[in-house]
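Colleague: In case you want the letters, here they are:
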Amino acid sequence: MKRFYDAVIIGAGPAGLAAALSLKRNGIEKILLVEREGYCGGVLTQCIHNGFGLHKFRKELTGPEYAERYIELVEKERIEILKKTIALDIIPLEEGLTLYLLSEEHGLPEVSARAVILAMGCRERNRGNLNIPGTRPEGIMTAGLAQKLVNIEGYMPGKEIVILGSGDIGLIMARRLTWEGARVKCVVELQPYPGGLMRNVVQCLNDFNIPLYLSHTVTRIMGNRRIEAVEISPTDETAGPKERGRFIESCDTLLLSVGLVPENELSLKAGVMLDPVTGGPVVDSNLMTSVPGIFACGNVLHVHDLVDYVSDEAERCGEKAALYIMGRLKKKREIPVRTGNMVRYVLPSRIDIAEPVHLSLRPIAPEENTHLLLKANGSVIYKKKYRKIMPGSMIRFEAKNIPEETESLEITFEGKTG
Amino acid sequence: MKRELLCISCPIGCSMEAEFDDNKILKLEGYQCKRGITYAEKEIFNPERMVTTTVRIEGGEIPLIPVKTESSVPKELALKVVQEASKITVKAPVKVGDVIIENILGTGVNLVATRNVKATCKAGV
Ligand SMILES: Cc1cc2nc3c(=O)[nH]c(=O)nc-3n(C[C@H](O)[C@H](O)[C@H](O)COP(=O)(O)OP(=O)(O)OC[C@H]3O[C@@H](n4cnc5c(N)ncnc54)[C@H](O)[C@@H]3O)c2cc1C
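These protein sequence lines map, in sequence, to chains S and E. What the first sequence shows, in our numbering, is residues 1 to 418, in sequence order. What the second sequence shows, in our numbering, is residues 1001 to 1125, in sequence order.
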């Protein structure tokens, strides 16, 4: 028997939880949250370190504490949650969106919704995306999987660890594994600068004298059944790995912390158009995808570094989805937002200028003392100084008071020469 | 004595070099604002860290419960805090903020739970 909802949210991580609450607060009653795991909170449940919530709660919380604040509210609002349930397919039909679910307890329920919010989060890049030559032994896994094993299930992945990639997850795991008695031999980073926060470089590596090899990469994996060593080579921007300075580091585990990709297999099956730069759906000012009624927020839309921003985005998404369900979502003239100097992407890439819109963007490379500019038909209408920009830190601002006659917008960082 | 420090007060991350004796900084180079001085003094004479780790839990939906020190503890005790936490097992249910170990290692700081874990009757779920 098919069940009918106003809104179904896929994924009960911070994005899904905040979106559900926002729908409820905006007058939507029949809401269903679908979650693959046996618990809510998403990836936050394994991020047991602190540093979450400074923007949202003006307090430093750990990942699980941040998640509990939302879980408690969702439970209080009595929003229906189906745990241990995977959304397999979303089919846009004439009468609404039909979802096929696979549930441990309920079998294969079929539900229908007027709006669907995608909140499936992201997954980590793995060895397949990297093409490291050598053998294919055991002992190679993503840093996030190691984090889940250690922090949720209580298994140690190994004793002698090399970490490839200096994103925050890799850095945090270097400290975690050291505290748990493993020896972290080094962290290897392709770029000439660390991927994660300075605070994590200091408190997770320097505190334990773990070397960080910048402009280096793993060029070979050795070992038969289990990984025994890796070859590490310095890189050179033009020529790739260099011969000189190449060395071998023994290890029984290689952790990969080489980036996250939005999890969009389900979106693709539903016919949602994806953006090749962000890896997430193309959305309008209302965070609605190319399929009417399907919205997206959080890491499934684009990878966030701060969960606080995920919650904000999800709240706005819930608000817009509520308007859509009530048939009150306005759609006016949309104009493109182009990316200029040093900007990797801007989201949304098309906006309706009649209302203020939150824009998120990432720079291509680090830079100091630069200005972010928003240009309407070529003239600057917003300017903000940044002492330092980093590709790892998302920038967010509100674009408003855009002149009515604007045909095109451009986001750009001021060039070195002006 | 001499030491290199990386200031973490803001994203700029100034590399600093400090020269100091037993109780004060004699010379500090490389900082761009006053926060660098405060940071260097704290890091050299009284470094502290927050500790987050896990404790085994019985009769709950999950086998481990995440915990943290309520405030920061002296840096050299961080590893010992993790080791203390690994020695004990608590029983579900536990709520966020419940004290898991009081006044851990005599620091005056409590180790508290950071997740709600309900009790279950089914084992291993
Ligand atoms: C390993 C890892 C560590 C991170 N560490 C930090 C950190 O330290 N600090 C920080 O600020 N940010 C961190 N991040 C970023 C973090 O992911 C975001 O801040 C935030 O958790 C994203 O929220 P989300 O709800 O979009 O995604 P998630 O938290 O990933 O939640 C997505 C949820 O959707 C569920 N799901 C997925 N597909 C389906 C499906 N088909 N059907 C049903 N359910 C589904 C998943 O089980 C999950 O619960 C980390 C990310 C990863 C991957």
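Keep in mind that a hint or two might mislead.
Simulated pairs of lysine-lysine, DSSO-like, Cα-Cα distance not exceeding 30 Å [to be verified]: (1) E:K1118 with S:K56; (2) E:K1042 with S:K388; (3) S:K2 with S:K24; (4) E:K1118 with S:K148; (5) S:K383 with E:K1034; (6) S:K83 with S:K56; (7) S:K24 with E:K1034.
Read the hints as simulated data drawn from the structure, not as lab findings.
Colleague: Next, verify each hint and record whether it holds.
Modeller: Hint-by-hint comparison with the structure:
no. : hint                : result
1   : E:K1118 with S:K56  : holds, 26 Å
2   : E:K1042 with S:K388 : holds, 24 Å
3   : S:K2 with S:K24     : holds, 22 Å
4   : E:K1118 with S:K148 : holds, 20 Å
5   : S:K383 with E:K1034 : holds, 27 Å
6   : S:K83 with S:K56    : holds, 27 Å
7   : S:K24 with E:K1034  : violated, 46 Å
Hint 7 from the earlier list is the only one contradicted by this structure; the remaining hints agree with it.
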